[in-house]
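Same order as they appear, the protein sequences are chains H and Y.
In terms of my numbering, the first sequence opens at residue 1 and continues consecutively.
In terms of my numbering, the second sequence opens at residue 1 and continues consecutively.
No lab work stands behind these hints: they were computed from the structure.
By construction, the Cβ of each residue, glycine as well, lies at the ideal position given by its N, Cα and C atoms.
Heads up, some of the hints might be wrong.
[Stated by the list, open to error] List of simulated lysine to aspartate or glutamate pairs, EDC-like, C-alpha gap at most 16 Å:
#	chain 1	residue 1	chain 2	residue 2
1	H	LYS400	H	ASP382
2	Y	LYS141	H	GLU375
3	Y	LYS141	H	ASP474
[Claimed, not checked] Here are the computed distance ranges between Cβ atoms for each label pair:
#	chain 1	residue 1	chain 2	residue 2	range
4	H	PHE374	Y	HIS75	11 to 21 Å
5	Y	ARG188	H	ARG372	38 to 48 Å
6	H	ALA85	Y	LEU42	34 to 44 Å
7	Y	MET243	H	PRO140	35 to 45 Å
8	H	ARG393	Y	ILE251	41 to 51 Å
9	H	ARG220	Y	ARG188	50 to 60 Å
10	Y	HIS128	H	ALA326	36 to 46 Å
11	H	PHE374	Y	HIS128	58 to 68 Å
12	Y	ASP122	H	VAL551	40 to 50 Å
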Amino acid sequence: MSGKVAARALSTPDDLPRVTVATTGFPLDRFERTLALYLRSAWQLRVPLQARARHGHEDEDWLPDCPIVTTSAIMLPGETQATEAQRARRFYLACAAHAAAHLSYSTARFEPAKLRPLQLTLVGALEDARVERLAIARYPGLQRWWLPFHRTGPESAGTAVALIARLARGLLDPGYVDRDGWVTKGRTLFDEAFRSSGGTDPAISRHLGVLLGNDLGQMRIQFNAKTYVPPAAYRDDNSLLWDVAPTPVAPEAGNEAPERNLAPQEKQDPGNNGSADETSPPRRPAETAEATSASSAASAEEVPTRVLAIDRYAEWDYVIRRYRPAWSSVESLGPATAPQERPAPDDHAGSARRIRALFDAARVHAVCGRTREFEGDQLDLDACIAGRVDARRGRPDSIKGFIAPRWQPRGVPLAVLLDLSASNAFDGRIGTVLDVGRQLGRALRTSDLPYAIYGFHSDGRHRVRFHVFKDFDDIWSGSAEAYLASIRPGLSTRFGAALRHAGARAHREAARLGQRKANLLIVSDCVPFDIDVFDPRYLREDMRRAITELVAQGLACGCLALDAQALGDARALFGRRRVVPLTAIDDLAAALAAVLAAIG
Amino acid sequence: MTRPQLSTADTPLDAWRVVDEPWYRPVDREVDWFEAAYEARLPIMLKGPTGCGKTRLVEHMAWRLKRPLVTVACHEDMNAGDLVGRYLLDGNGTYWQDGPLTNAVRHGAICYLDEVVEARQDTTVVIHPLTDSRRILPVDKRGELITAHPDFTLVISYNPHYHHASKNLKPSTRQRFVALELSWPDARTEAEIVAHEGGVSNEVASKLVAIAAGIRVLDDPALPEGASTRMLIYAATLIARGMDAHAACRIGIVQPLTDDADVCAALTALASGVFP
């Protein structure tokens with residue numbers, strides 16, 4: 001019996017929950033955030049989730065890749081063919097909870113030497129049962145999550161695969177009735193061993209797996225490890241349990257590396273199978289031809305710019321504890337000619353509404369006049385006298401005898417500063433940076449909030465390039481969007497000068513409006529660097545100083561941090577609550593809400 | 001138009017007295033510290049996340065100290081007149097109406113300004129002369145200077161975890177108070193509180209506390225603050241009245257916490273795992 005046929009015997013559409021992996025359905029991406037939050041809240045696990053991409057299986061008999069759990073990542077099927085989102089979510093949650101149980105309780109690694117394939121499989125199945133029992137003791141509801149995936153019953157054929165599935169079901173479900181002698185023996189031995197050790201000893205899985213494997217061997221039941229799939233779709237391949245040497249990245253000829261050693265994002269499409277590129281190490285985006293050309297500030301696609309103004313700013317040298325006067329030059333750049341408008345789809349209308357509402361809610365209330373009221377703190381004597389006169393003339397007594405200040409919401413000027421340096425070329429971060437600019441530009445277009453959108457990168461202290469995509473007195477237009485879209489990441493990150501320049505512009509706007517406060521929102525990985533500075537602390541200290549200067553001027557600085565690894569550094573510079581991680585543009589509204597709550 | 005009925009001079013704040021003992025389970029030594037601060041007539045600031053028991057502590061202490069409790073829920077439209085008092089109009093002209101703070105100052109109550117950061121900063125400045133050694137309340141509209149009753153004390157509360165930056169307390173206000181920081185109780189104490197207040201068994205209460213503990217470790221922008229003890233009590237109350245635990249968690253804890261669909265799904269899964 002081929003593996004696919006064997007698995008089909010266990011998973012006809014009627015007896016398995018309707019969750020199998022196929023070409024269409026609900027992708028993992030849709031549930032990834034939910035799963036990550038669940039793992040963090042329920043299991044205190046921060047493990048990256050990765051999708052196992054399909055490849056090379058276009059035939060109808062194709063079966064799902066089972067999950068793979070490692071200490072550094074959980075790999076789940078890239079998509080499911082569930083009929084409803086709710087079912088797909090349940091499947092992925094069952095996978096995640098099982099993986100979490102392994103990562104929490106499978107503390108020992110077994111030595112596979114001298115074990116036959118059947119015994120290896122049984123050790124894995126028993127370890128699954130052990131960690132699931134421990135997980136259920138902590139979260140009893142998990143049994144309800146997992147049970148629907150175990151449907152192989154006593155009526156199934158007496159193959160090794162079916163018997164293992166029945167044993168797995170029996171170990172998970174105390175109410176399951178199976179009169180098979182081998183299954184009963186397995187359940188009895190496991191229950192006793194689990195009870196006596198409190199379930200905490202992983203050695204019981206290995207010991208009983210070997211024992212039950214011998215029994216099956218003596219029953220002369222055939223087992224083909226190459227075609228074996230776990231008895232329930234949510235269970236992983238148990239490769240985590242075994243102490244094996246890492247597989248070489250480049251497999252020898254005829255010894256193809258197992259699929260699990262390929263990170264999913266590096267997998268090739270079926271047409272490229274077997275090509276030399278498949279086994280070459282992943283290239284960082286900046287190393288690709290596209291990114292290399294993108295790293296040049298003057299890309300062929302970039303809109304030609306002209307220098308609008310050059311301003312010089314002092315820079316703080318922490319070594320001498322003095323400012324270096326007029327040390328860095330900031331070139332304010334605008335498009336040389338109106339760039340051709342490139343209409344982009346308005347695919348975040350809902351998000352734009354939420355962003356606009358967030359900024360509206362963050363407006364401050366200022367006195368803008370007085371109004372007459374029935375109640376208040378200050379009597380309006382003229383109105384009182386007029387009221388008494390009316391009352392004596394027999395007119396209805398309805399005087400507004402008080403004066404109250406009239407408050408009106410007023411938006412605090414907002415400057416957005418986008419980091420366009422080469423470091424954001426990695427992991428598609430520049431896309432997020434530009435999307436933030438585009439979404440904010442569009443969202444605030446119809447708001448009465450004064451706002452500007454800038455971007456910067458630097459090429460030494462004499463050339464800090466400061467792009468003005470939209471200034472406070474401009475309107476957000478198609479050409480501004482085209483200018484923003486043409487930007488390619490490149491050069492370095494001289495933060496201090498850019499912050500001072502953006503701050504000066506925001507401060508001027510606030511003064512023009514008669515306000516004392518302004519907000520500065522930075523979108524960056526928050527790692528200052530420039531080609532003419534070799535002491536990494538120098539630019540960081542200057543950046544810290546620049547932020548302090550801005551705060552003293554009444555500018556509140558917040559940061560959307562693109563690099564989760566550098567979050568600690570960013571928080572040390574801006575303040576803990578003023579830095580919010582932003583990894584996906586879909587999270588922009590939530591991240592802005594957090595930043596605005598912190599900076600006001 | 002007639003003037004409102006004023007209390008008689010000998011029992012001015014009887015309506016504000018806490019008659020029955022409010023149940024309060026101390027988490028630390030906050031009751032002793034509150035008592036000590038009151039004995040010294042020092043103004044007290046209570047800091048803590050929402051629903052951790054700040055208001056209940058004040059009620060309990062008012063009962064314990066046998067003082068009337070005048071509570072003012074602060075809001076952004078509140079002005080100084082709402083606290084101190086104002087002239088009102090009737091058919092015969094104007095008359096002065098004391099505000100809640102003035103009442104408490106005259107008659108020796110505990111004045112509790114709940115969520116004081118919600119009030120505008122210029123409003124909260126009126127409490128400054130009351131919260132230093134002068135202990136006076138100038139009522140400029142009447143030209144009156146009221147010396148605080150010997151039993152008067154001022155208590156303010158706010159939530160440092162979630163407030164707008166423009167609504168922070170001025171340093172000159174903050175530094176006039178002694179501050180008691182309240183936080184979520186440890187799991188055992190919190191389960192005891194939830195069981196008592198929600199009317200459920202300790203086992204159910206412990207499960208609700210486990211859900212809250214899971215939520216509180218999340219650091220997501222969509223969750224500005226973790227689940228409060230009050231939410232757990234609400235969910236427990238629903239369970240005690242016969243509601244299914246999963247539904248009670250969903251409407252009592254998950255949905256009020258966030259509108260983010262992913263976070264809701266994750267928290268629902270967490271609760272679904274905890275309850276069989």
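Straight-line alpha-carbon gap H:LYS400 to H:ASP382, limit 16 Å: Measuring from Cα to Cα gives roughly 10 Å; hence the hint holds.
Cβ separation of Y:MET243 and H:PRO140, checked against the hinted range 35 to 45 Å: violated, 18 Å
Range hint 40 to 50 Å (beta carbons of Y:ASP122 and H:VAL551) holds or violated: Since Y:ASP122 and H:VAL551 have Cβ atoms about 22 Å apart, the given range 40 to 50 Å is violated.
CB-CB spacing for Y:ARG188 and H:ARG220 relative to the 50 to 60 Å hint: Hint holds: Cβ distance 56 Å, inside 50 to 60 Å.
If you check the beta carbons of Y:ARG188 and H:ARG372, does the distance land in 38 to 48 Å? The hint (38 to 48 Å, Cβ to Cβ) is violated, given that Y:ARG188 and H:ARG372 are roughly 58 Å apart.
Cβ separation of Y:HIS128 and H:ALA326, checked against the hinted range 36 to 46 Å: The hinted range 36 to 46 Å holds for Y:HIS128 and H:ALA326, with Cβ atoms some 45 Å apart.
Is 11 to 21 Å respected by the C-beta to C-beta distance linking H:PHE374 and Y:HIS75? Between H:PHE374 and Y:HIS75, where Cβ atoms are some 19 Å apart, the hint holds.
Assuming the hint says 34 to 44 Å, is it satisfied by the Cβ distance from H:ALA85 to Y:LEU42 or not? violated, 57 Å
Would you mind confirming whether the straight-line C-alpha gap from Y:LYS141 to H:ASP474 stays at or under 16 Å? Violated, at about 48 Å.
Is 41 to 51 Å a correct range for the gap between the Cβ atoms of H:ARG393 and Y:ILE251? violated, 59 Å
Between H:PHE374 and Y:HIS128, does the beta-carbon spacing fit 58 to 68 Å? violated, 30 Å
Run the distance test for Y:LYS141 versus H:GLU375: straight-line Cα separation, threshold 16 Å. holds, 15 Å
Checked against the numbered hints above, the structure violates hints 3, 5, 6, 7, 8, 11 and 12; every other hint is satisfied.
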